[in-house]
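Listed below are the residues making up each chain.
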Amino acid sequence: MSNAPQPTPPRPAGGRASKKAELPEHLKAYRHVWVFIEYERGAIHPVSLELLGEGRKLADKLGVELAGVLMGASHADLLLAATDCFEFGADVVYLVTDPVLADYRNEPFTKAMTDLVNAYQPEILLLGATTLGRDLAGSVATTLLTGLTADTTALAIDEERSLAATRPTFGGSLLCTIYTLNFRPQMATVRPRVMPMPERRPGRLGRIVEHPLNLAEDDIITKVLAFLPDRDSDKAQLAFADIVVAGGLGLKSMENFQHVKHLAQVLGGEYGGSRPVAHKGWIPADRQIGQTGKTIRPKLYIAAGISGAIQHRVGVDGADLIVAINSDPNAPIFDFAHVGIVADAVEFLPVFTDALRARLSLHYVPETFLVAK
Amino acid sequence: MNTKMHIVVCLKQVPDSAQIRVHPVTNTIMRQGVPSVINPYDLFALEEALRLRDKVGAAEVTVLTMGPPMAEDSLRKALAYGADRAVLLTDRQFAGSDTLATTYALASAIRKIGATWGLPHVVFTGKQTIDGDTAQVGPGIAKRLNYNQLTYVSRIASFEAEAATIMVERRAEGGVQVLTTRLPVLMTMLEDSNEIRRGTMADALRAAQAEIIKWSAVDAGIPELTKCGLRGSPTVVKKVFAPTARAEKAQQIPVSGRSWSEMADDMIQAIFTRRPGLETDLLARTENF
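Protein chains in written order, with our numbering: chain A, 1 to 373; chain B, 1001 to 1289.
Be careful, since some hints might not be right.
As the list claims (entries may be wrong) - Label pairs and their computed distance ranges (CB to CB):
(1) B:E1195 - A:N330: 32 to 38 Å
(2) B:L1225 - A:R231: 48 to 54 Å
(3) B:K1239 - A:A29: 26 to 32 Å
(4) B:F1272 - A:K61: 35 to 41 Å
(5) A:S74 - B:P1068: 47 to 53 Å
(6) B:V1255 - A:R161: 36 to 42 Å
(7) A:P24 - B:Q1252: 53 to 59 Å
Keep in mind the hints are simulated off the structure, nothing from the lab.
We put the CB at the ideal spot given by N, CA and C, even for glycine.
Bound-form chain A, shown alone (with noise of 0.2 Å):
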């Protein structure tokens, strides 16, 4: 269920959507932006911090303070974490410190954070949609009782001073921009890598602010026994990948499915695939590229046989250059890839990846050259 949930058409303008009242006067207080910093095992996770660069442009254009909002249990490693905040863009650091904090769980990250917005009244706060991240968030806003607007990949600040957030909707074919009108904070996720890394400023610095938690360990229900690091070989580098390469349908079967992997493996890169591919279990689910899948920003992607719906698109949108190669030319993919060809990737993905192959050999000499000797 969705923040647009019934696939009903738009409504017209002239309903609720128009109607903006006066903001009431008790959450006219609600002041600056923040992000939840996700911390954990001494590490912060790089969603938040491309949050930060994504919150330093709202905080500016509001003329507000940015916040992180950072929890956990050792003081020591959070204020070195706090340093890396101020570092990519916060003004001011939150920092809840307790024994209770030292794994993520719902139940205490929930108190805290609910506890430090109704103590300081943030106007919009924004959370990785990660696995934690979503399972805060959520929590967080019906507590709260205000708007969440899950898994957005833009967000502007209109002439109103109110946070739009975009965002695909209808299982992905198109984009829709949500408002949280009458109530504060204004929430929002973004998936991971959907938004750039901002740079660094060494030596950077902010203002710290210490807020207690009051809660015991006796008193919360959940445990947490262990953790079971996932290793690395089990992990697909896909979203690192600086070359990706992806089939969807048009692959029409699980065996053409090879064409990709080969090819991807020529170019040293990973392979992925569309969702209705990952739901036909003809890639594993974390090879899934798009909207409920994998993020991607890598140098060159090539999707074979994929028709690029939106859902598949705001995965891939940050690459630098995409390649499609799909037999339909109405095909969407063609409407943001940098170069197409209206093929059937079955036929045309073998031949290719032999081209390249022999293109990219020490002993290849480019057939045009002999030619012009």
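Chain A is fixed; fit chain B onto it per the hints.
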């Protein structure tokens, strides 16, 4: 536990997203003929609920959905998979609900289900839907019911009905978290955590004739209608639009009258002309072999 254990599964009927198309001229959704299915992620929740019922023995599974009258189809399917009872929350009051309004209605209905057939010990949802993709409804229901919340559960490691405790593995960032908590609990199930069973013939026959319990907002005992639907939604959809094409059209590799290998060479040339650094990188990598 002295009474039967009660498990509630929240399902959503969604359009089969693989078949949604956007009208090329009007940019509106073409929904004609697009079949509806149970949200695929919810099937993992349903199967886990059925497994838990089978394990505990004295237990019942109630499936709940909020949606238009035609959502009855999905509930009937859930009964055919083996669910014991189906409740459809359907009312025009719910139209336009965002996640907050949705969780208000669903949590209210779960309370009514609890009052009618026994307090649910476990509520299951899928990790997210394929049409909304927010993953926020499960956590919202948990908060409203004040249930312990376990999201992205990949495995129930142990379940002690008598002690009312549960131990699960859940997908976390960079690893798997092993957690224990007490009932009542709301779990959102990760994909591939199980595989939906083939329902029995007996269940199929029962499902075909079963009564789907239909509740309006009033039937469900929802106290404040202003918290439902569009009125109860803090978020407002201001515009829905198709993405704009890139200003610069894609460079099309000519195909007519060209052989496959000529097309491949043209494509390679186009890529390396636009990104000369790529070829250098790739050649450097080859030399390192």
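Checked hints:
Remark: the range hint 32 to 38 Å for E1195 (chain B) to N330 (chain A) is upheld by a beta-carbon distance near 37 Å. Between L1225 (chain B) and R231 (chain A), the C-beta spacing of about 52 Å keeps the proposed range 48 to 54 Å intact. For K1239 (chain B) and A29 (chain A), the Cβ-Cβ distance of about 29 Å falls inside the hinted range of 26 to 32 Å, so the restraint holds. For the pair F1272 (chain B) and K61 (chain A), the beta carbons lie near 40 Å from each other, so the given range of 35 to 41 Å is met.
For S74 (chain A) paired with P1068 (chain B), a C-beta distance near 51 Å keeps the hint of 47 to 53 Å intact. Separated by about 51 Å at the C-beta atoms, V1255 (chain B) and R161 (chain A) break the suggested range of 36 to 42 Å. At about 55 Å, the beta-carbon gap between P24 (chain A) and Q1252 (chain B) stays in the expected band of 53 to 59 Å.
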